[in-house]
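When you get a sec, could you build the whole thing from the sequences and use the hints?
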Amino acid sequence: MIALSKKTIIIASASLCGVLAITGLLISLPYIINPREGIDFNPDSLIKGTASTYDISETVSTSFGSYTPLQNDYTPKIKPTKIGDNLQNVDFQGLSVTPQMKAFLEQYGFVIVDEGYEDIYEIYNEELELPKFITTDLCLHAYHVLYDLSLRILEGEQFFFDFEIMLQALRDDQMLLNGTVSDPVVHDALKNNIAYLSVMLYLLNSTTNPIPVEVESLTLEELALIDVGERAPSAIFGYDEDYTQYTVRGHYTRNEILGNYFKAMMYAGRIGFLLQGPMGEPEIGIRLTRMALLLISSFNATAYSETVWDFWDRIYEPTVFYVGASDDLTAAEYYQIWQNQGAPEGDALASESTIEEFIEEAKTYRKPLINSMFIFDAFGHENVTQGFRLMGQRFIPDSYIFQQLVHNKVGGRLMPTALDVLSVFGSPRAAFYMKDEGLIYPDYDDQIDKLREEFGNLTEYDWTQNLYWSWLYTLFPLLKPASEGYPRFMLSDAWTDKAMMTTLGSWAELRHDTILYAKQSYTYETSMPEILKGYVEPYPEVYARLASLAGLMKTGLESRGLISEGPSGHGLQGKLDTLVTLMEGLVTLSIKELENDPLTEDDIWFVNMVARYIEEVASYPSPDDPWASEADGRMAIIADVHTDPNTGQVLEVGAGDPYSIYVVVQDHQGKLRLTKGATFSYYEFKHPMNDRLTDEGWHEMLDTNPPDLPEWIVNSLPILSISVIPAVFSRRED
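Residue numbers (the numbering used here): 1063 to 1796.
Read the hints as simulated data drawn from the structure, not as lab findings. Every residue, glycine too, gets a C-beta built ideally from N, C-alpha and C. Careful, some of the hints might be misleading.
[Said to hold, decoys possible] Cut-off 25 Å, straight-line C-alpha distance, at most; resulting in silico cross-link-like pairs (SDA-like, lysine to any residue):
| # | residue 1 | residue 2 |
| --- | --- | --- |
| 1 | 1748 | 1769 |
| 2 | 1141 | 1121 |
| 3 | 1139 | 1659 |
| 4 | 1654 | 1664 |
| 5 | 1542 | 1654 |
| 6 | 1144 | 1735 |
| 7 | 1429 | 1415 |
| 8 | 1144 | 1660 |
| 9 | 1429 | 1296 |
| 10 | 1139 | 1710 |
| 11 | 1144 | 1107 |
| 12 | 1253 | 1282 |
| 13 | 1253 | 1365 |
| 14 | 1425 | 1410 |
| 15 | 1425 | 1409 |
| 16 | 1429 | 1345 |
| 17 | 1110 | 1508 |
| 18 | 1139 | 1595 |
| 19 | 1139 | 1654 |
| 20 | 1429 | 1470 |
| 21 | 1164 | 1554 |
| 22 | 1654 | 1735 |
| 23 | 1595 | 1709 |
| 24 | 1253 | 1403 |
| 25 | 1139 | 1603 |
| 26 | 1497 | 1473 |
| 27 | 1748 | 1693 |
| 28 | 1139 | 1734 |
| 29 | 1654 | 1643 |
| 30 | 1253 | 1394 |
| 31 | 1141 | 1130 |
| 32 | 1253 | 1297 |
| 33 | 1733 | 1110 |
[Said to hold, decoys possible] What follows is a set of in silico ranges between Cβ atoms, one per label pair, in the way DEER data are often shown:
| # | residue 1 | residue 2 | range |
| --- | --- | --- | --- |
| 34 | 1394 | 1223 | 16 to 24 Å |
| 35 | 1169 | 1622 | 47 to 55 Å |
| 36 | 1776 | 1671 | 34 to 42 Å |
Written out as structure tokens, the structure is:
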């Protein structure tokens, strides 16, 4: 059933191709919206020509690793059995349900219940002998854990120290240069550079990186602004900076090393040596570009027999593999222009004409596609934010979509929504929910059409360029509504929306894991349990793409020497290999289900045990792992993904605590059985930008004053809260 394609497409370089390619808790039955009203395309299929219709059929070799798709051809052949009144023809297999749950199960074939669990594996392991519904949510969450864990390890054990040595080498060389120049303008620029580097070194480790006396006042002034965390002019660079961004969040709250790394790298990613001021001021561009060229002139400085370039590359290239290429001009691009000019250095950079010549050449280079600064709409961000950043934040497609769907691209629209992204990618349900935006904002529909065309024209080169893009590609099959031949429970709009909630839950985990690098847009039991009849949520394409994604991650990390076998490698190689094997098994089983083939005893055993294997894959190497904390024991995560300075708010997206999902499934003989699994919960809400949420703060909010679920979830999905069925479920009181 599974065959690996033998054809290979060679990609010379993946680093820049993506940048270049894109120049409820209810008590009564919910009201299910009819998507066939007021929409001008087929609601039963993906929107024609959009990104989600693209399928990679051949092996793709990138500069990092290989993406090998699994062939999973099949024809769904299920003829649904009607669910009887009061579930009279359903084998409950030991599961208990309430009258409210029965009503949902009879109408939709599934029900989602908030039973108070905090971890997805609890749902599968607490009642080992109950029939399991293996969900895509379980598998996607496991990949998130491996992605996040491996990134933490690299940051804490390699990037932190390479970054510190790189900054020290740059500062030492800039201080030496300062002793050789005589022009006061150059002295002033070097002083600013030394303060700039001292800020990051102090943030990394204030004990081992004392501030040089000559820049102490300036450095401390900038550090104070970071501590206060408000909008303010930078003490060093002069233009307004959003210091709320330096709130440590994501997985960086887990220990001091990660937290310090977050602040320093955020500074390196956000603070730019602009080619002109935020309002087009040429004098600001000259001053900052002079600083940039002086800094670039120190990139050949050495430390421990390696150049600054070596340390920069060891940080930048792996993060390109994880997230993507810089949206801003890089040190390498500035260095090339500088070399073409004859590499003027020292006092030669006092000449304004020399700087202006560089600026004119640099302006012809690629422009940033995402704005992450405070810019008035009279000034195009593509021009006034263009410049060099030491470790620039990355171009990511979802932030680009957000940028294109808010003011000033869509006049008056200040805050996007995650449904914008899914609509662009081709989800008919997301498009339906967003159909009124075009009536409110006249520019919206034209922008959506433009973006659908842009992303619809992308190829395997783009979707496999790095792990971030490949993760998004993995989610696309969940956007497609099920059709004839699929199980009954998948044939409603409610299930399509459940799959959309899964998509956004996984996307929220992706944004959480990459919050530092992603450029944000602005506006066990030993005894064998009884074998019961479980079921795999039949999305073979998702499992196949997850297997390919895990394989790409493994080969990419191996090619850079970033993971190894054994304890020193934290077991990541073995975990990724196991995840690939498990996903291949789920592809086979889900195709068997869809083609109405009988499952063997071995198949049934695998369904009952696979959640335990997945949990083992997604577990930390040891309870006292330095890169983990108590917060990792809870599934809920949060990430701010867009900032609107007009209202002082950010868009927060998060996975909440997991929900249980009860599903009536059908075997090859048409017999109905009840199963239980786990699914994401998804939240999206506006929040003050000066209080960007951490995972720990999100957990407290969920426990004390949780936000409402998105309206489309409340109005569409059959969801019950534990609070309305206390007679059956009492976990919250335990």
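Exercise. Looking back at the hints listed earlier, which ones does the structure fail to meet?
Worked result: 2, 10, 23, 31, 33
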